[in-house]
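Student: Counting from 1, one number per residue, gives the positions in the sequence shown under the UniProt record's numbering.
Keep in mind that the hints are not guaranteed to be accurate.
Only pairs whose alpha carbons sit at most 30 Å apart, straight line, appear in this in silico DSBU-like list of lysine-lysine [what the hints assert, rightly or not]:
(1) 274 with 369
(2) 85 with 141
(3) 85 with 114
(4) 279 with 94
(5) 276 with 243
(6) 193 with 276
(7) 193 with 141
(8) 276 with 141
(9) 114 with 94
(10) 156 with 141
(11) 85 with 96
(12) 115 with 141
(13) 115 with 243
(14) 115 with 96
(15) 276 with 374
(16) 276 with 455
(17) 156 with 85
(18) 274 with 156
(19) 156 with 96
(20) 455 with 476
(21) 243 with 156
(22) 274 with 455
(23) 156 with 94
(24) 96 with 114
(25) 476 with 243
(26) 455 with 369
To be clear, the hints were calculated from the coordinates, so they are not data collected in a lab.
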Amino acid sequence: MGREGGAGDLTSERLPRSPRTAPFALLLPGPAQRMSGGDMAKPLLGHRSVEGDPTAPAAGRSIGVLGSGDFARSLAIRLVCSGFKVVVGSRNPKRKAGLFPSAAEVTFQAEAVKKTDVIFVAVFREHYSTLCDLADVLVGKILVDVSNNTEINHHKESNAEYLASLFPACTVVKGFNVVSAWTLQSGARDGNKQVLICSNNQEAKRTVAEIAQVMGFTPVDMGCMSSACEIENIPLRLLPAWKIPIFLSLGLFLCFFTYNLVRQVIHPYIREQKNKFYKIPIEVVNTTLPCVAYVMLSLVYLPGVLAACLQLYYGTKYRRFPDWLDQWLQHRKQIGLLSFFCAALHAVYSLCLPMRRSHRYQLIETAVKQAVEKKMNIWVEEEVWRMEIYISVGIIALGLLSLLAITSLPSIANSLNWREFSFIQSTLGFVALLISTLHTLTYGWSRAFDENQYKFYLPPTYTLTLLVPCTVILAKVVFSLPCIHHRLVRIRRGWEKGRYVKFVLPSTTGEYSSGETSSHV
């Protein structure tokens with residue numbers, strides 16, 4: 001949601017995120033998100049592309065690489081392609097020379113260290129001790145630690161700090177550990193462009209940052225060496241920003257699936273002794289998926305409504321929101337994408353319904369009954385119109401969700417200005433919620449008032465899904481009222497309730513009198 005995209009939107013000043021804080025906006029996952037809020041997350045250098053530029057300050061210098069594994073080979077290839085002179089140090093250079101590009105010099109480790117000032121240490125932590133024989137020739141060198149652990153917080157100290165303790169006469173820089181070997185070989189255009197760097201030496205960080213930028217990456221300063229442990233944990237985390245949304249969607253799916261199972265399978269089995277367990281793989285799942293998608297979409301916009309309520313209640317935008325609301329707001333993109341995923345699955349499942357053998361049997365059975373009863377026309381005008389509207393509105397809703405999902409991709413979002421992005425994510429997103437509500441209502445039609453639809457006295461599933469979306473829509477309507485909307489706009493522009501400033505007014509006698517007024521503008 002944008003800063004001015006709707007009554008329930010959150011102002012961007014509240015969260016340490018990128019300026020685009022729309023429901024589907026890009027968010028950094030987990031710890032990387034927390035570290036990106038300050039100045040330490042700013043690129044050390046500008047975003048000017050200097051890849052392959054021979055006039056760049058770092059290009060053309062000699063770079064050492066210790067190691068002969070996959071990452072070392074990919075790193076050497078990328079450095080050579082970027083115009084650097086690469087010297088690879090190996091314990092068996094003759095056997096390893098064929099693995100590296102011909103432009104790279106492969107020699108013994110001691111020789112490689114002597115010929116270079118910046119050395120990438122591409123070996124595992126367990127093998128750091130094998131480099132101790134090079135301690136004398138490593139004095140004054142810059143060592144770039146690119147290693148990762150196999151488990152989060154596996155050691156008390158980070159690999160970079162351990163390397164620095166083994167070679168106190170060297171300057172250690174942590175970096176390039178979040179970049180994969182595949183990204184190094186294919187180039188920064190096809191992978192993550194950020195290279196997180198930390199060190200206790202500013203000059204060493206700047207040197208490594210220049211090298212990273214010449215290679216086509218964006219160096220990001222993460223501070224001193226104490227940040228190395230956090231940087232090493234980043235590649236080990238599995239979808240950190242997706243865990244809560246995934247568990248939420250799974251929880252909703254299980255709840256609705258169980259509810260639909262009781263209504264569609266268990267009830268006819270107990271009351272009518274009919275075996276309808278064949279409905280579980282397709283029909284019950286297909287009934288559950290739109291419920292999850294619809295509720296998840298409403299959960300994208302509900303935190304903005306709660307944020308607006310808190311701003312109105314406290315009369316300021318500067319009061320901190322509760323942590324749970326902060327987390328909710330930061331996961332809106334993931335929740336929205338999962339909503340689109342469930343809606344897309346629902347569309348595919350719906351298209352597959354006529355392919356089932358059970359559906360064919362039911363068609364034949366219906367035709368036979370019609371022939372036996374000599375019914376020439378079973379056309380029901382109301383049902384025909386209901387299904388036509390229901391399917392048409394559903395297609396429109398899926399199309400809007402597709403647009404929201406596509407514009408959440410960084411490559412697409414970066415091509416839009418703020419007003420375009422806010423319009424799509426906030427305005428069209430709310431329109432998608434309205435159309436999804438219409439899709440649900442046309443599906444239910446008048447069946448909510450049919451007592452036969454209440455199996456075990458349980459209401460139809462779609463009536464339950466309407467609770468949260470209708471709450472969001474009603475709140476949006478209330479916030480759009482001029483009196484409330486005007487107050488929200490003033491709050492988001494800096495006005496605060498109960499804040500006063502003193503000023504002096506000139507009197508008609510030439511003297512000055514003091515007065516006070518509220519600080520709103």
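Student: Taking the numbered hints from earlier one at a time, note which ones the structure violates and give those numbers from smallest to largest.
Tutor: 4, 5, 6, 8, 13, 17, 18, 19, 20, 23
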